[in-house]
Structure formats: C-alpha cells, structure tokens
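Participant: Next come the chains, spelled out residue by residue.
Protein chains: 2
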Amino acid sequence: MTSAVISPLGVDSPARGLECRGCGARFPLAAQHACYECFGPLEVWYDADALATVTRAQIEAGPKNIWRYAGLLPAGQRAADRVSLDPGFTPLVRADALAAEIGLRAPLWVKDDSANPTHSFKDRVVSVALTAAKALGFTRYACASTGNLANSVAAHAARAGVPSIVFIPWDLEPGKIITTAVYGGDLVAIEGSYDDVNRLCSELVETDEFEDTAFVNVNVRPFYAEGSKTLGYEVAEQLGWRIPAQVVIPMASGELLTKVDKAFEELVAAGLAVAPEGGWKVFGAQSLGCNPIATALHAGTDVITPVKPTGIAKSLNIGDPAAGLYALEAVRRTGGWMDYASDDEIRDGIRLLARTTGVFAETAGGVTTAVTAKLVASGKLDPTLETVVYNTGEGLKTLDAVAALVGPTYRVKPSLRAAREAGLLG
Amino acid sequence: MTSAVISPLGVDSPARGLECRGCGARFPLAAQHACYECFGPLEVWYDADALATVTRAQIEAGPKNIWRYAGLLPAGQRAADRVSLDPGFTPLVRADALAAEIGLRAPLWVKDDSANPTHSFKDRVVSVALTAAKALGFTRYACASTGNLANSVAAHAARAGVPSIVFIPWDLEPGKIITTAVYGGDLVAIEGSYDDVNRLCSELVETDEFEDTAFVNVNVRPFYAEGSKTLGYEVAEQLGWRIPAQVVIPMASGELLTKVDKAFEELVAAGLAVAPEGGWKVFGAQSLGCNPIATALHAGTDVITPVKPTGIAKSLNIGDPAAGLYALEAVRRTGGWMDYASDDEIRDGIRLLARTTGVFAETAGGVTTAVTAKLVASGKLDPTLETVVYNTGEGLKTLDAVAALVGPTYRVKPSLRAAREAGLLG
Chain A
1 MTSAVISPLG VDSPARGLEC RGCGARFPLA AQHACYECFG PLEVWYDADA LATVTRAQIE
61 AGPKNIWRYA GLLPAGQRAA DRVSLDPGFT PLVRADALAA EIGLRAPLWV KDDSANPTHS
121 FKDRVVSVAL TAAKALGFTR YACASTGNLA NSVAAHAARA GVPSIVFIPW DLEPGKIITT
181 AVYGGDLVAI EGSYDDVNRL CSELVETDEF EDTAFVNVNV RPFYAEGSKT LGYEVAEQLG
241 WRIPAQVVIP MASGELLTKV DKAFEELVAA GLAVAPEGGW KVFGAQSLGC NPIATALHAG
301 TDVITPVKPT GIAKSLNIGD PAAGLYALEA VRRTGGWMDY ASDDEIRDGI RLLARTTGVF
361 AETAGGVTTA VTAKLVASGK LDPTLETVVY NTGEGLKTLD AVAALVGPTY RVKPSLRAAR
421 EAGLLG
Chain B
1 MTSAVISPLG VDSPARGLEC RGCGARFPLA AQHACYECFG PLEVWYDADA LATVTRAQIE
61 AGPKNIWRYA GLLPAGQRAA DRVSLDPGFT PLVRADALAA EIGLRAPLWV KDDSANPTHS
121 FKDRVVSVAL TAAKALGFTR YACASTGNLA NSVAAHAARA GVPSIVFIPW DLEPGKIITT
181 AVYGGDLVAI EGSYDDVNRL CSELVETDEF EDTAFVNVNV RPFYAEGSKT LGYEVAEQLG
241 WRIPAQVVIP MASGELLTKV DKAFEELVAA GLAVAPEGGW KVFGAQSLGC NPIATALHAG
301 TDVITPVKPT GIAKSLNIGD PAAGLYALEA VRRTGGWMDY ASDDEIRDGI RLLARTTGVF
361 AETAGGVTTA VTAKLVASGK LDPTLETVVY NTGEGLKTLD AVAALVGPTY RVKPSLRAAR
421 EAGLLG
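Top line first, the protein sequences correspond to chains A and B.
Following UniProt numbering, the numbering of the first sequence begins with 1 at its first residue and continues without gaps.
Following UniProt numbering, the numbering of the second sequence begins with 1 at its first residue and continues without gaps.
Hints in this document: simulated from the structure, not taken from any laboratory.
Any given hint might turn out to be false.
Straight-line C-alpha distance at most 25 Å; calculated SDA-like pairs for lysine to any residue [to be verified]:
{"#": "1", "chain 1": "B", "residue 1": "K64", "chain 2": "A", "residue 2": "V205"}
{"#": "2", "chain 1": "A", "residue 1": "K308", "chain 2": "B", "residue 2": "K413"}
{"#": "3", "chain 1": "A", "residue 1": "K380", "chain 2": "A", "residue 2": "A270"}
{"#": "4", "chain 1": "A", "residue 1": "K64", "chain 2": "B", "residue 2": "E43"}
{"#": "5", "chain 1": "A", "residue 1": "K134", "chain 2": "B", "residue 2": "R94"}
{"#": "6", "chain 1": "A", "residue 1": "K413", "chain 2": "B", "residue 2": "R199"}
{"#": "7", "chain 1": "B", "residue 1": "K413", "chain 2": "A", "residue 2": "V205"}
{"#": "8", "chain 1": "A", "residue 1": "K413", "chain 2": "B", "residue 2": "D186"}
{"#": "9", "chain 1": "A", "residue 1": "K413", "chain 2": "B", "residue 2": "G192"}
{"#": "10", "chain 1": "B", "residue 1": "K134", "chain 2": "B", "residue 2": "E43"}
{"#": "11", "chain 1": "A", "residue 1": "K64", "chain 2": "B", "residue 2": "R140"}
{"#": "12", "chain 1": "B", "residue 1": "K64", "chain 2": "A", "residue 2": "K308"}
{"#": "13", "chain 1": "A", "residue 1": "K134", "chain 2": "B", "residue 2": "P91"}
{"#": "14", "chain 1": "A", "residue 1": "K380", "chain 2": "A", "residue 2": "K134"}
{"#": "15", "chain 1": "B", "residue 1": "K64", "chain 2": "A", "residue 2": "W241"}
{"#": "16", "chain 1": "A", "residue 1": "K262", "chain 2": "A", "residue 2": "L92"}
{"#": "17", "chain 1": "B", "residue 1": "K262", "chain 2": "B", "residue 2": "D212"}
{"#": "18", "chain 1": "B", "residue 1": "K262", "chain 2": "B", "residue 2": "G22"}
{"#": "19", "chain 1": "A", "residue 1": "K134", "chain 2": "B", "residue 2": "I59"}
{"#": "20", "chain 1": "B", "residue 1": "K413", "chain 2": "A", "residue 2": "P306"}
{"#": "21", "chain 1": "A", "residue 1": "K64", "chain 2": "B", "residue 2": "A57"}
{"#": "22", "chain 1": "A", "residue 1": "K413", "chain 2": "B", "residue 2": "R140"}
{"#": "23", "chain 1": "B", "residue 1": "K134", "chain 2": "B", "residue 2": "I59"}
{"#": "24", "chain 1": "B", "residue 1": "K134", "chain 2": "B", "residue 2": "G192"}
{"#": "25", "chain 1": "A", "residue 1": "K413", "chain 2": "B", "residue 2": "D212"}
{"#": "26", "chain 1": "B", "residue 1": "K134", "chain 2": "A", "residue 2": "P91"}
{"#": "27", "chain 1": "A", "residue 1": "K134", "chain 2": "A", "residue 2": "W241"}
{"#": "28", "chain 1": "B", "residue 1": "K262", "chain 2": "B", "residue 2": "W45"}
{"#": "29", "chain 1": "B", "residue 1": "K134", "chain 2": "B", "residue 2": "A57"}
{"#": "30", "chain 1": "B", "residue 1": "K134", "chain 2": "B", "residue 2": "Q32"}
{"#": "31", "chain 1": "A", "residue 1": "K134", "chain 2": "A", "residue 2": "Q32"}
{"#": "32", "chain 1": "B", "residue 1": "K308", "chain 2": "B", "residue 2": "R140"}
{"#": "33", "chain 1": "B", "residue 1": "K64", "chain 2": "A", "residue 2": "A57"}
{"#": "34", "chain 1": "A", "residue 1": "K374", "chain 2": "A", "residue 2": "A422"}
Keep in mind it's a predicted model, so treat the numbers as computed, not measured.
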C-alpha cells in the first residue's frame, strides 16, 4: 500500500489501516476495535514512508501541545479538523531531591501530566480519539471511565459544542463525578465496577440508538490508544531527542505503557531520537488492590487472571486489562519489571512526590512514585541510569487519599502573642 | 538614573527602585512595601530605556511561560536565578458559545489561568516574588493567603527545597488546605478572616524570628505584584500583539486589575502592542459577599469602606483591599465599570462557563463569568467590542460550590435491559 491512498481521517494522515495485534489481519480505517478474524485488539498501522518524512525541525516548529506530533498520529494534521483542548507538552520536572531520597544516583525526572487541561493524561487520548471520530462522522461523544476519562470527554464535548454521554462506576471519587457533571453532558452512574461499565458500553455501541456515538475507548479505541504515544515523544524531545534508559509507567489497561514503548521505537526508526546504550527498559506500576498484570509477570506466565479491584487507586482499577498481554511483552522484551504498592504506600508516595518536587499527584502518581522507590530498593531499577517517572493525574481529584494525613501544623488566634505561645517565634 | 546602576536583583534587571504610589517618593530595591514618608504602597519602577529595548522577537524566542517577559519583570532574567514552577502562557480560549448566551456579538475569549502548575494565577506572582526574595537573600518563604497563594508558595518552596510557612484563615475550603499541607511545609491556620491573617503577617514580618522570611505578599509585595503584569502581556501577545477593547478581571485586593492595565500601558509605551481604537476599558468583578471596591465605584466615592466578607468566593474575600483605590482609578480612567454577583449567580456562572467552553473554574471564575453577563445586560460592556474574561482559578479547588447542583443524570444497573428501562435507548 502506498501514501497515494487517501485516508478517511484526512488527506495528510499517515495512517493506512487497522492491524490485529493478535493475528496481524488488516482492515480499513474505520470505527472498529476488534479483529473480525480472531477477535484480537486492533492497532493503527501507518505508511512507514510517511512517518519517515517527519523531521525534528517540523516538530519543533509546531504548537507546544500534542499536535506538534501530528505527522506521527492518525488524525488532526489540520488544526481546523481537531476536536481538542490542545493538551500536551507538559513539564518534565527534574527531581534531584526525590532521587536522593529513594537512592537513585542518576538524573531522575517526573513527567507531570497533571498539567493537561483537565489534569490527566487522558486529554491526549481523547483529543486524538475525538478528532478521528469527527472525521468518521460521529456526532455524539462517549466513554466508559474510571473518572479522568469522563472529565476529559465531557470537557472536550463542551468545548466542541457536541453532546456527550459518559459512563462511570457509581462509587467514583466525588471530585471526578462533579468535574464531569459540571460540563452539562449526560452522566450515567453504573451500579458496578469499571469492568461492568466497560462491558455495558461494548453492548451499547452495537445498538441502533448509539450508532452515531463514538465511545473513545470502545469503537474508536485504536485511535484513542495512539494518543498515548505523545507521552513518549515529548519525554524524548524534552531530553534533547534522547530516550531515557528507564521509564516507570502506571498501568490500568496497560495501554499507556505499550504506547510509550511504541513511541520510542517509532522515534528511533524515523531517526528522530537516539536510544540509550543498551536500549531502554520499561517498568510498570500497579496497586496491590489491582495488580493482575504485575502478578502475571511475577508468576512468569502470560495468563492474566482478572481480579475484582479494590483500593484507593481508582483510576488504575481495571481488573481485566485489555492490553495487559502487550504490557507484559514490552516489559519482558526491554528487560524491565513491574511491581505494585499498597494503599499506605500510595499515600506515602503522593506525599513524597509533593514534598520533594512540588508535584501533587492523584493516587496513580502515588502508585508510580512508591513503585519506583520499591524498584530501586529491590535492585530492579538501575540506580545509575537516567529514569523518567510518569505522573498521569492531579492530586486535587483524589484529596480523600491524603486528607487524613495532612493538615495545618499550627492553629492559632490572630495575635502576635498567640503566635508566640504556639511556638512560631522560636 | 541610568541602566549602568546595578540592581540587587541581578545585573540584567530593568528594575531601578521602588516608588510610592501615594506621594511618589523613591527608595532603593529592597524588601520594603510601604513608603517611609506617607505609608503608601510601593511599586517597582523601571529604567524606561531598558524596557524600550525589549522586542517582540526576543519575547517570542523565549520559553512558553512568564519568563519570556523577563525583560519587563524585576527579577529572573537568568534562568538559574529563578525560584519557579515556570507558570504562564496559559490558554486563551475562544468562547463563541458563551458569547452567544450572554449576548456578546464580538469575539469573546477566556484567559484560563487554571492551567498554571498549582492551578491559579498566583503561580505567576509567587514565581516573581520568590525569585526576587532569593536575590535579596531570604531563606524561608511565607504568605498570608485565601488559599490559592498558599498552594503556590508551598509548592514553589517544595520544588526549590526551601522551608515555607504559610498562613491561612482556618475555614478555607478543604481542597485548598490539603493542597497546601501535602507539600510538607508549615501551615498555620488562623482563627480569623483573611484580613486578620494579613494583619498578623504584617506584625510577624517585623520580628527578629522572621528576619530571614520573605512573605510574598507583605515584605516583597512590590515584586509579587509585578508578576500579575504577565496576564496582560500574554493576552496581548496571544491576540497577535493587540490589546483587547474590554477586559473583565476578578478583584480581591484589586491588584491584578491594576497590573493588567499597567501591562497594557507598558506594551504600548514600548511599541510592543497596539491599543484598540478608543483605548481599552477595564472592568472589575466582585462577589455580593465582598464588594467594597465595586460599592465605592457605584457610590461615586474614593472612600473604600472595609467589609467583613461572606459568601462562597473565598479567594476574593479580602474585605480591606490594599489596591482598591488604584483599581477604582484604572476603571474610571479607562471608562470601564465594576459589578458583583451573588452566590447563586456565581454557581450559575461556573456552570455556564463549563458548559459553553469546557473550562471548569473555581468560584472566582464564576464571579467573573456572572459579572460579565451582568455587564452586557446592563449595557456597561459594549457587546460589539472584543472582550477578554479572566479565569484565575480551578474548579477542583471549590467543588463544594457546585456539588449540590450537578451529578449523574442517570443511575442504572450494568445491563442493556436496565439501560433501556432508564431511557438510554430512546
């Protein structure tokens, strides 16, 4: 196939079709997420020649958001075609004090994706998914969500002036419910787990009534997933077009981890970035309450046994992770590892990250910080190699996690005398 | 005085001294915030020749944050000297749907400063204040805060590895307390109002025990205030170096409004931006529970009578506004106006802004949105002129304001049948 084929996603799209991650069967670009042959998950495949034409100079001349990488994404090459809050190019924060505390002797960085418009990395995937959805003719936007995705889809729809319907487990953190509902779209609380919500959405998407509805993580999931690649591109660009030796990534479905790895591969293949000596290693972080992928790795098996998630890291609570197998593959291939953190360790991780870097993460960031410390302690992370830790969400959305642990250190009446009695004056 | 004078804030600083806004007396650059002659507030004054050398090209080649305007700020010209989370260059969001709802027929924009690192415009003023404080030799960072400033100072201090001590009224929103305490600095809850907190800090700063402490909005306030100018610079640059005809700005101390106006004046004086035909008009927004500046304007007086603040817009609850007089002056001089919104109008304003723009604002943004609608309705804002509305903070910090008003629109069991019975399938 050649670049003369015109994509339904736009004349400048380098995407050429969908390819089954299981059997390799190929399909046209459309709202399809499972293989008609083997029911495996589909992934966007690109015209390699088109990707190879992208240059650093082109990227650097682009906007300071994900769309600077439009030449490597399936849709959104033209600004007018985007459905987007323009997320991305979030800070890469040097974390020397954190490195010192956990025993890393090489540069440590925190990729802080709480800086996105709705304060999680989901803005990246939603912008790409909805831009593809618009090109494919969808007129209502939807998702199954553990919270952050709900926020992002509802906000994107409000900005675009398009109706939305968002599905969440009924027991989400209040912050994530209000922050979705405030945009005025439909919000459906499902009496069940995220996996129940996801299953229902897979059924709804097949109904006539939802024919016009793009579920960002169901029927347009292949495009959605590609948005995560930008978290790989950006880190490499921010390091001066170098890929770090080690990255630690939180896992829910496992998709983010596989796409950061894919992004690094694409950058090297296109000659855009330099791989570290010995290659990069990818590490995955889960919580004790939902660790099916890490458990499979530790057991040395490819069989991921679904779990019923518990614990405070709700944004990672996917008990039946769609991309778990591919996350295992990426971690094994690169020589990385996975581990998981308890709720107490997550709370400590949030506070450690905040105290040492000024970044206030949601529970998922606490997971990643705590697991990073564990991986150093266990010798799985090499303390002499440059490492990037991904914080994917904002502490304001999961205040309850630390509410009981932090608060005023003094409470005094408004007088100098009271301040002196409280010990504020030595 | 010439640019040959070396500033204690750095060899490249264009600042030359402090000038009393009351009597015009001039003082050297130091941690001083009131005039020794008349007790009036002090403002940074610059070498006009140095400001005039700043070019658009220089600015555009700078980083995508406030430091691109370092040539117009008192400190931070060299990156290594900054104490900063690198805030700024936040989105300017085109708000056509909002304009249509409130009856504006010209372009309407929302300057969304919730995108800053700690999600309010305070990161701008704190970065400038602490950078000046470091240059002046301070080794502990502090503030009196209604919440957002506390978040920002604590986070800046954590990033810099410097101790902090932050003073807040004890009844702040839980979100703002946790989001300060999590960074691990000292947090002092004062049993009183913000004005009580502020008074106590003015006393503490004079004690030996606080000699090494920079209170960003007390002893280094003149530098702090300059950070707000960047909200004027950015809007002009984002509009293609044009100053908008009308801006609507929330008022607490009133300082932000005066500094945006000052920024526009500086840009015109330096030939960097073009003023609109007939000049720009500055509008101020307060809440019904704390409206001393707007009340003085409406009464046609210069006497601002302090009030005991009430109502949900806590970040604006300064009953004795330090820059109120100068805000009145700027609004009168430019032909603008002020108005205020009730708690219910604020809640509606938050929802209106979210629904039409995808921007979820804290109560202060609800105030500004509601007041903008009022100003259009009353004919004070010209509906045919380009208008910029400033959102200074993040909805996640004041969830309680809308918690009772928004929520799931459906609650159903996880089955297609339940979804059908709930009416989701038509």
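Participant: All the hints need checking, so say for each whether the structure fits it.
Facilitator: Hint check results:
Straight-line distance between C-alpha atoms of B:K64 and A:V205 comes to about 41 Å, which puts the hinted pair past the 25 Å bound. The straight-line distance between the Cα atoms of A:K308 and B:K413 is roughly 17 Å, inside the 25 Å bound, and the hint therefore holds. As the CA atoms of A:K380 and A:A270 are separated by approximately 30 Å, the hinted pair breaks the 25 Å bound. For the proposed pair A:K64 and B:E43, the alpha carbon gap of about 34 Å is over 25 Å, so the pair is violated.
Simply put, A:K134 and B:R94 have alpha-carbon atoms about 20 Å apart, close enough for the 25 Å limit, and the pair holds. Taken as a hint, the A:K413 and B:R199 pair is honoured in the structure, with Cα atoms around 12 Å apart against an allowance of 25 Å. Pair hint B:K413 plus A:V205 holds up; C-alpha atoms about 17 Å apart against a cutoff of 25 Å. A C-alpha spacing of about 16 Å is found between A:K413 and B:D186, which places the hinted pair at or below 25 Å, so the restraint holds.
In summary, the hint linking A:K413 to B:G192 is supported, as the alpha carbons are separated by about 7 Å, within the 25 Å threshold. Proposed proximity of B:K134 and B:E43 is supported: the alpha carbons are some 19 Å apart, at most 25 Å. Proposed proximity of A:K64 and B:R140 is contradicted: the alpha carbons are some 34 Å apart, above 25 Å. Our distance criterion of 25 Å between C-alpha atoms is broken by B:K64 and A:K308, whose separation comes to about 44 Å.
The hinted pair formed by A:K134 and B:P91 meets the criterion: a straight-line CA distance of about 23 Å does not exceed 25 Å. A distance of roughly 44 Å separates the Cα atoms of A:K380 and A:K134; the hinted pair therefore is violated under the 25 Å criterion. The suggested pairing of B:K64 with A:W241 holds, with an alpha-carbon distance near 19 Å, which does not exceed 25 Å. Between A:K262 and A:L92 the CA atoms are separated by roughly 20 Å; this keeps the pair inside 25 Å, and the hint holds.
With a C-alpha separation of about 31 Å, the suggested pairing of B:K262 with B:D212 is violated against the 25 Å cut-off. For the hint pairing B:K262 with B:G22, the CA-to-CA distance comes to about 16 Å; that is within 25 Å, so the pair holds. With a C-alpha separation of about 36 Å, the suggested pair A:K134 and B:I59 falls outside the 25 Å cut-off, and the hint is violated. Among the hinted pairs, B:K413 with A:P306 is consistent with the structure: their alpha-carbon atoms are about 21 Å apart, no more than 25 Å.
For the suggested pair A:K64 and B:A57, the alpha carbons sit about 18 Å apart, so the restraint of at most 25 Å is met. Proximity of A:K413 to B:R140 is assessed by CA-CA distance (about 22 Å); at most 25 Å being required, the pair is judged to hold. For the hint linking B:K134 to B:I59, the alpha-carbon distance of about 24 Å falls within 25 Å, and the restraint holds. For the hint pairing B:K134 with B:G192, the CA-to-CA distance comes to about 30 Å; that exceeds 25 Å, so the pair is violated.
A C-alpha spacing of about 23 Å is found between A:K413 and B:D212, which places the hinted pair at or below 25 Å, so the restraint holds. Only pairs whose Cα atoms come within 25 Å are accepted, and B:K134 paired with A:P91 is accepted, the gap being roughly 23 Å. A threshold of 25 Å between alpha carbons decides the hint, and for A:K134 with A:W241 the separation of about 32 Å lies outside it, so the pair is violated. For the suggested pair B:K262 and B:W45, the alpha carbons sit about 12 Å apart, so the restraint of at most 25 Å is met.
Taken as a hint, the B:K134 and B:A57 pair is broken in the structure, with Cα atoms around 29 Å apart against an allowance of 25 Å. Proposed proximity of B:K134 and B:Q32 is supported: the alpha carbons are some 15 Å apart, at most 25 Å. For the hint linking A:K134 to A:Q32, the alpha-carbon distance of about 15 Å falls within 25 Å, and the restraint holds. As the CA atoms of B:K308 and B:R140 are separated by approximately 31 Å, the hinted pair breaks the 25 Å bound.
This hinted pair checks out: B:K64 and A:A57 have alpha carbons roughly 18 Å apart, not beyond 25 Å. Between the alpha carbons of A:K374 and A:A422 the distance comes to roughly 38 Å, so the proposed pair goes past 25 Å and is violated.
Violated hints, in rising order: 1, 3, 4, 11, 12, 14, 17, 19, 24, 27, 29, 32 and 34; the structure is consistent with all others.
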